[in-house]
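Chemist: So the sequence lines, in the order shown, correspond to chains S and G. At position 289 of the first sequence the residue is numbered 289 (my numbering), and the sequence of numbers has no breaks. Add 1000 to the 1-based position in the second sequence for my numbering, that's all there is to it.
Worth double-checking, as some hints may not be accurate.
Unchecked claim - Keeping only pairs whose Cα atoms sit at most 25 Å apart, straight-line, the calculated DSS-like set for lysine-lysine is:
id : chain 1 : residue 1 : chain 2 : residue 2
1  : S       : Lys603    : S       : Lys575
2  : G       : Lys1146   : S       : Lys582
3  : S       : Lys170    : S       : Lys139
4  : G       : Lys1144   : G       : Lys1095
5  : S       : Lys603    : S       : Lys582
6  : S       : Lys582    : S       : Lys621
7  : S       : Lys595    : S       : Lys582
8  : S       : Lys414    : S       : Lys139
9  : S       : Lys170    : S       : Lys69
10 : S       : Lys329    : S       : Lys482
11 : S       : Lys595    : S       : Lys621
12 : S       : Lys414    : G       : Lys1146
13 : S       : Lys414    : G       : Lys1095
14 : S       : Lys170    : G       : Lys1095
15 : S       : Lys603    : G       : Lys1144
16 : G       : Lys1144   : S       : Lys621
17 : G       : Lys1095   : G       : Lys1146
18 : S       : Lys594    : S       : Lys621
19 : S       : Lys575    : S       : Lys621
20 : G       : Lys1095   : S       : Lys621
21 : S       : Lys575    : S       : Lys594
I should point out that these hints are in silico values taken from the structure, not numbers from a laboratory.
One-letter residues, chain by chain:
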Amino acid sequence: MSVASEPLTSPSDLVHWREESEQQAETAATTVAVCMGTGCVAKGAEAVFSALESALERLGPDAARIRLKRTGCHGFCERGPIVAIQPGDVFYQGVGEADVAEIVSETLQEGRVVERLLYEDPASGDRLSRVRDIPFYGKQMRVVLQLNGVIDPTSIEDYIKAGGYESLAKVLTGMTPDQVIEQVDIAGLRGRGGGGFPTARKWRSCREAHGDVRYVICNGDEGDPGAFMDRSIMEGNPHGIIEGMIIGAYAIGAGQGFIYVRNEYPLAVQRLQQALSDARRCGLLGDNILGSGFSFDVRIHRGGGAFVCGESTALMASLEGRPGEPRAKYVHTVEVGFHSAPTVLNNVETWANVPLIIARGGEWFASIGTPRSKGTKVFSLVGKVRNTGLVEVPMGMTLREIVYDIGGGLSDGKALKAVQTGGPSGGCIPASLLDTPVDFDALQDLGSIMGSGGLIVMDEDTCMVNVARYFLEFLQHESCGKCTACREGTAQMLHILTRICAGEGREGDVELLLDLCDVLDDAALCALGSTASSPVRSTITYFREEYDEHIQLRHCPAHQCPGLFRYEIVAQNCKGCGLCAKECPAGAIAGERKKPHVIDQAKCAGCGACFEVCPASAVTKV
Amino acid sequence: MAAPATVSECRTSVAAVADRYGRDRDFVIPMLQDLQARFGCLPPEVLHSLAEAIGVPVSQLYAVATFYTSFSLVPQGRHLITLCTGTVCYLKGAKQIAEMIQSHLNVAPGGTTEDRTFTYRPVNCLGACALGPVLMVDGDYYAKVKPAQVPDILSQYAATEAAGERSE
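Next up, chain S with everything else stripped away, as it sits in the complex (with noise of 0.2 Å):
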């Protein structure tokens, strides 16, 4: 049975078909889900899924109680293309489609585990069968995430049979707006989006603000580099958004919702435009919704590519049709925003807590997290990690347990050096914070930021001096030059970072940084501009000795920044074999065949062609 017969015109119509709808949910039994994430599509998994529906066919009568679907994103990224079987919570990595016949004939018909496709424990050599079991999901705690690779997105029936839309039918039958405001700020939820602005304050002062139009935002701009969080949301589960974006419009009384997604992301717009589409057929969205007399319709809109439009007031004039370009925040944008009209914006995992807060309740989300950040955060655990996907955590958890319990630790086995947090906003945590909560405030404290959510592992090989060139780099290109502090202020700090790389770097230059830092924090107009001081700030204030280093020594300690380290050939490794001679654009090596080479610093000329071809790791970075 489908909803979309007719469309639902009551909450009470919307239990019932769920009820009706489990009912008949027992004659497919067995259900497979393949992860259909940008990591697993990318590795294979729409011809894992085609070699599946066509080994189905094959199987004719039997394969009417198995049912195939796409689903979102299960995080572990690392592992793709990923096939989930339940019942039985079978979880299959690294298949491929030479696999399938095994999968089909073995677990779907003989209910036996093919044990070559499960998750070996790196620590132990046990293949683990159960997704429980796997060290990276089990000390997550899946709330936003629940539903991502258990319902197909693409399906409004999935998610209303896992509960989907009755916290909205919950809101329209029994709760006053206030009501709901009153749960939010029960709840403690901050804002996901890197601010952490209670949300709950912001709906009741846009709700109290002067006007007769009001107006919700989704912020799906998600520009940091390195994360992916509101992606797999929205690719994932986009009803969820939808669910707590018309409740969150029903609290302080929107007519007009709009999500604004990022340009890079073609198919969280193709996944939210078939969300809207058939909500609006089942009645869930547009007017009079569930027959309540409330009216509520969303609409998309594709950012043109410009990082600023996160900011919310350039994200707002984007949406009118014009350049990206941030104002002045004297007046908020709950106040005077979207067309002068009072208007609430949250991020896309924001709005994604709001359906789980009214159905568990303010005080179950409150009992999750730290006194003054609640709830769970999902990250993007990626870089120098060994195993990169998407996490979600209680609040509170430390960056180590995070990066070594959850991420399997370094990949490589080298030694951590930082953890970047807050994407270009942020900042560097040194490896001897590593026990440091992650939690809104203690983030701050450390002159990093929660973020939206990019966690991005650096090992002993990364340069820190880089890493702040690369955001200053960054930063600079995305700066919307409106203000002077902003426009000129990332340009300098660029060129002497850049300086500094190149071993051009001068006494004063961290100094003179630090100033430059302290104008951006007084006089930028937006946040990208306040905050283009954290990642330089940050990495002085851990890394103090790598800048000097640059500077002083003309040597980077990290050998990452070319001409600032020499590559020398240990005599005792150097088999002579004479490959490096040969690649050597420079002529810059020379050795009897069978004995060991050396390179001539005066012609060397740094390009590192001889470390990538030497065989015996022979050539070495001083």
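Dock chain G against the given chain S, drawing on the hints supplied.
Modeler: Showing chain G alone in chain S's frame:
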């Protein structure tokens, strides 16, 4: 995807797009996105027609079209190379890949090859960090790319094109 052949063809397409959004100025960005999808870029005649159709100064359309990186005023290549330069890809060597693409194709970031086979566009992040460094050509992802693989990857696209031309 081609430049408008005639002035009237341009006007008709622009009018259709403007009507799709009720000629409402709020929708300038989606209109430009649709027009770029139609023509491959935003040539002057298209911007002028749109300005006339929705009643805004053409300078405002240029302001929008030059502010956002997804718009291009000049024709694009037949294949789009997107290189992720996000933090993780950067740490894992995206810069070396960028250098390889630029020297191999003789293009600058954002530029198009002389024969218009490729447009090369570095982007902030593709959100596929587990695959880094990641390179995308049209809709295809290439994971954990090494600079030396770049010529081979790109030659596939140049080659399919050559084969397509021959069969025509």
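Chemist: Now tell me if each hint is right for this structure.
Modeler: Hints, one by one, checked against the model:
For a cut-off of 25 Å, the pair hint linking S:Lys603 to S:Lys575 stands: about 22 Å separates their Cα positions. Restraint check: the Cα-Cα separation between G:Lys1146 and S:Lys582 comes to about 20 Å, which is no more than 25 Å; the hinted pair holds. Under the criterion of a C-alpha separation no larger than 25 Å, the hint pairing S:Lys170 with S:Lys139 is inconsistent with the structure, at around 32 Å. Annotation: proposed proximity of G:Lys1144 to G:Lys1095 holds, straight-line Cα distance about 13 Å (limit 25 Å).
Between S:Lys603 and S:Lys582 the alpha-carbon distance is near 15 Å, which keeps this suggested pair within the 25 Å criterion. Of the pairs offered as hints, the one joining S:Lys582 and S:Lys621 holds, with about 19 Å between alpha carbons and a cut-off of 25 Å not exceeded. For the given pair, S:Lys595 sits about 15 Å from S:Lys582 by alpha-carbon distance, which is consistent with the 25 Å threshold. Between the alpha carbons of S:Lys414 and S:Lys139 the distance comes to roughly 23 Å, so the proposed pair stays at or under 25 Å and holds.
Proximity of S:Lys170 to S:Lys69 is assessed by CA-CA distance (about 29 Å); at most 25 Å being required, the pair is judged violated. For a cut-off of 25 Å, the pair hint linking S:Lys329 to S:Lys482 stands: about 14 Å separates their Cα positions. This hinted pair checks out: S:Lys595 and S:Lys621 have alpha carbons roughly 20 Å apart, not beyond 25 Å. Taking the CA atoms of S:Lys414 and G:Lys1146, the gap is near 21 Å; set against the 25 Å cutoff, the hint holds.
Taking the CA atoms of S:Lys414 and G:Lys1095, the gap is about 22 Å. The hint holds against a cut of 25 Å. Among the hinted pairs, S:Lys170 with G:Lys1095 is inconsistent with the structure: their alpha-carbon atoms are about 52 Å apart, more than 25 Å. Straight-line distance between C-alpha atoms of S:Lys603 and G:Lys1144 comes to about 32 Å, which puts the hinted pair past the 25 Å bound. Among the hinted pairs, G:Lys1144 with S:Lys621 is consistent with the structure: their alpha-carbon atoms are about 23 Å apart, no more than 25 Å.
Taking the CA atoms of G:Lys1095 and G:Lys1146, the gap is near 11 Å; set against the 25 Å cutoff, the hint holds. Our distance criterion of 25 Å between C-alpha atoms is met by S:Lys594 and S:Lys621, whose separation comes to about 22 Å. Between S:Lys575 and S:Lys621 the alpha-carbon distance is near 18 Å, which keeps this suggested pair within the 25 Å criterion. The suggested pairing of G:Lys1095 with S:Lys621 holds, with an alpha-carbon distance near 19 Å, which does not exceed 25 Å.
Taken as a hint, the S:Lys575 and S:Lys594 pair is honoured in the structure, with Cα atoms around 6 Å apart against an allowance of 25 Å.
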